[in-house]
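Line by line, the protein sequences are chains Y and L.
Under the working numbering, the letters of the first sequence match residues 747 to 1155, in that order.
Under the working numbering, the letters of the second sequence match residues 747 to 1155, in that order.
A hint or two may mislead.
What the hints assert, rightly or not - So, partial list: chain Y residues that the calculated Cβ filter (under 7 Å) puts toward chain L:
no., residue
1, I762
2, R821
3, L826
4, A828
5, V830
Since the hints were derived computationally from the structure, they do not count as laboratory data.
Glycine included, C-beta positions come from ideal geometry on N, C-alpha and C.
Protein chains: 2
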Amino acid sequence: MACYVQKFGGTSVGTIERIQHVARLVEQTYKAGHQLVVVLSAMSGETDRLLKMAKELSADPDDREMDVLLSSGERVTIALMAIVLKKLGIKARSFTGRQVGIVTDSAHTKARVSRVDTERVKGALKEGVVPIVAGFQGINEASDVTTLGRGGSDLTAVVLAAALKADSCVIYTDVDGVYTADPNIVPLARRLEKVSYEEMLELASLGAKVLQTRSVELAAKYRVPVVVKSTFQDGPGTLVVEEDADMEQVLVSGVTGDRHQAKVTVVGVPDQPGIAAKLFGQIAQSSINVDMIIQNVSQDSLTDISFTVPRADLPRSMSLVQDVAKSINARSVEVNETIAKVSMVGVGMRSHSGVAAQMFQALSREGINIMMISTSEIKISCVVEEKYMELAMRTLHQEFGLDASGIKA
Amino acid sequence: MACYVQKFGGTSVGTIERIQHVARLVEQTYKAGHQLVVVLSAMSGETDRLLKMAKELSADPDDREMDVLLSSGERVTIALMAIVLKKLGIKARSFTGRQVGIVTDSAHTKARVSRVDTERVKGALKEGVVPIVAGFQGINEASDVTTLGRGGSDLTAVVLAAALKADSCVIYTDVDGVYTADPNIVPLARRLEKVSYEEMLELASLGAKVLQTRSVELAAKYRVPVVVKSTFQDGPGTLVVEEDADMEQVLVSGVTGDRHQAKVTVVGVPDQPGIAAKLFGQIAQSSINVDMIIQNVSQDSLTDISFTVPRADLPRSMSLVQDVAKSINARSVEVNETIAKVSMVGVGMRSHSGVAAQMFQALSREGINIMMISTSEIKISCVVEEKYMELAMRTLHQEFGLDASGIKA
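Can you make the complete structure from the sequences, with help from the hints?
This is the structure we're talking about:
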């Protein structure tokens, strides 16, 4: 008898018919004699509906109250799922975030899990009950409802799988696994059989929406095997596990593109110690996430500093940067909003050299100019003009042998 | 500084605009320097939407899960209200049923309040915070969510008003008070300035939907002054309080009509001790609420027993009654579904005789046949043919001097 945590996202429970379909998937695992815990998101569209109402009432709604509001959606799906499972003769019982024992800090709308009190859910499992758990939510020490941020249901699933030492955490979603690239952009993209935690983490951070970043971190930390598969079609999905020898043979596992970045350049900065600290210190204080940073070689004691920020944060960043630029006597601030970040991820890069050079050559062959570069042990990112993003992704996908063979395409 | 509990029903918070309107009403009381607790229902239509989904999944959905499902609606309204109040600069904070300390038994979907732990809400009031409370819900001792049944938000409001020793509990609704009769049926119906708990209790039991029966019982028990008034128009509303000398002067306070009843007659019942006990004992066991009972004078040791049950319970009752009828050798069972119960309520009846006679004469003058009669200290009910219900109500309303004078009509 194995123990599984199965998580179903919002599109998987978006209609009554889909809830019934998910119930049949749960029934299969249950009837095979396994212990299982089911984690659910709110019905797709529900969170947006609630958000819209809150925004109509206040441009800046209170975080504590947003959590009370948004956590209502999962309560609906867990109750409905328990109702239909009971009708199928399965001993199911709904658990809210509080009841399943997810205790968090008080950072409303993006709380971090501080501990999991699994007593009650373990008791239910011992009774042969299938706990149906509200994802995305917990309570803080003051017993107020908190939520774990977008994609937080993945986190709930992984946290429970870790706490229950489950054999695996299965993330059911609307795609049949993790792909070498977004198939909407790269038609020859292939499903990966296996991907390492580290690669998955990079892919998630780079915008692959299939798994929430923090849930991958946690899965890696507690060595929880994660399977990503489709709710709507049968198949093996993608296994997210520890790195193994097979994986190292593969140079690149995935190619990503991100057009939600903007590039800011502070021109003519006096090249003195402490200037960068001043600039980025202030930006960090306002919780703006700076991604890539480049500082040009100094000329005449003046230098240019470029960095990328999420495009959504640009207005906020600009007023900040302009203030700092003035205070450090920089010449001007320039902005480029039509950029995109193209990245390649693969644990094979660790043991193979020349990957970066090959990447730059391939892009150059297509006449794509590289504006910024950043590398890590298993990742290389280039900022290019936005209009070249798709071409760059397809080029790299082919260059590094990721294209599916004829039939699949 | 007074302390008020203000309760707003589903239609009062049914749209974003109405939530904003309610927020301004709350703001008025708050700015006048009073302490207040706001109790909210779910947005109108929400409960039906959730119910419909559950019914699509199961004809007989689990009660515990129904409570998890239905309690989600109030969480939405309290969060939205707290959001808009904070925007108005008012220190508001949402409280779920659990957080406000409403502890109930485990009778899911119709739980009874066993105690109220007001510590947290009192703490909030001391801080100058306006608690925004989810009506209709509580938790049982196992920490599972329970609901208090239809109209349960009234109960939440009265329970809190009693526990906090509030100066009054104001029930805001879509009518401007308690009327002498349903104005849709009796156009000359008037708003009552004052009505006693006892009268209100009878009126509520007889189908006046303005206040939930149990909440009136509780208000009477703890002497909580209740005000019923309109969310949408200014006015004094109706005060529900202890009986006073003024009220006794009034013979009849209200006339009601109820067409949701059916009459069952067991014909040719052996007139032996214990037969009635057997019949009604079995019906009571299946939680069917028998209202009026009449037993005819015995002839040849045979008698007829008639009683009324809610029309919705008729199918269930009939199979029961037919079984019992067979077992006691009764001749047959007859059913009449086209009946209505017309009632008059007034504490003045206690001190005035002849009210019943006057009622029967008035109905007789209009040629309305009375099929069953039941009386209590402050109430007389007659069962008549359903088609005469409106006529009977208007006749009695005029006969007992309740009609509004010309201008109002």
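task: Using 7 Å as the Cβ threshold, decide whether Y/V830 counts as touching chain L.
output: Interface hint status for Y/V830: holds (4 Å vs cutoff 7 Å).
query: Per the CB criterion, is Y/A828 less than 7 Å away from chain L?
result: For Y/A828, the interface hint holds, since the closest Cβ of chain L sits about 4 Å away, which is under 7 Å.
message: Does the closest beta carbon of chain L sit nearer than 7 Å to the beta carbon of Y/L826?
response: holds (6 Å)
message: Hint Y/R821 vs chain L: min CB-CB distance below 7 Å?
response: holds (4 Å)
task: Go through the hint on Y/I762 and say holds or violated, using the shortest Cβ distance to chain L against 7 Å.
output: holds (5 Å)
Violated hints: none; the structure is consistent with every hint.
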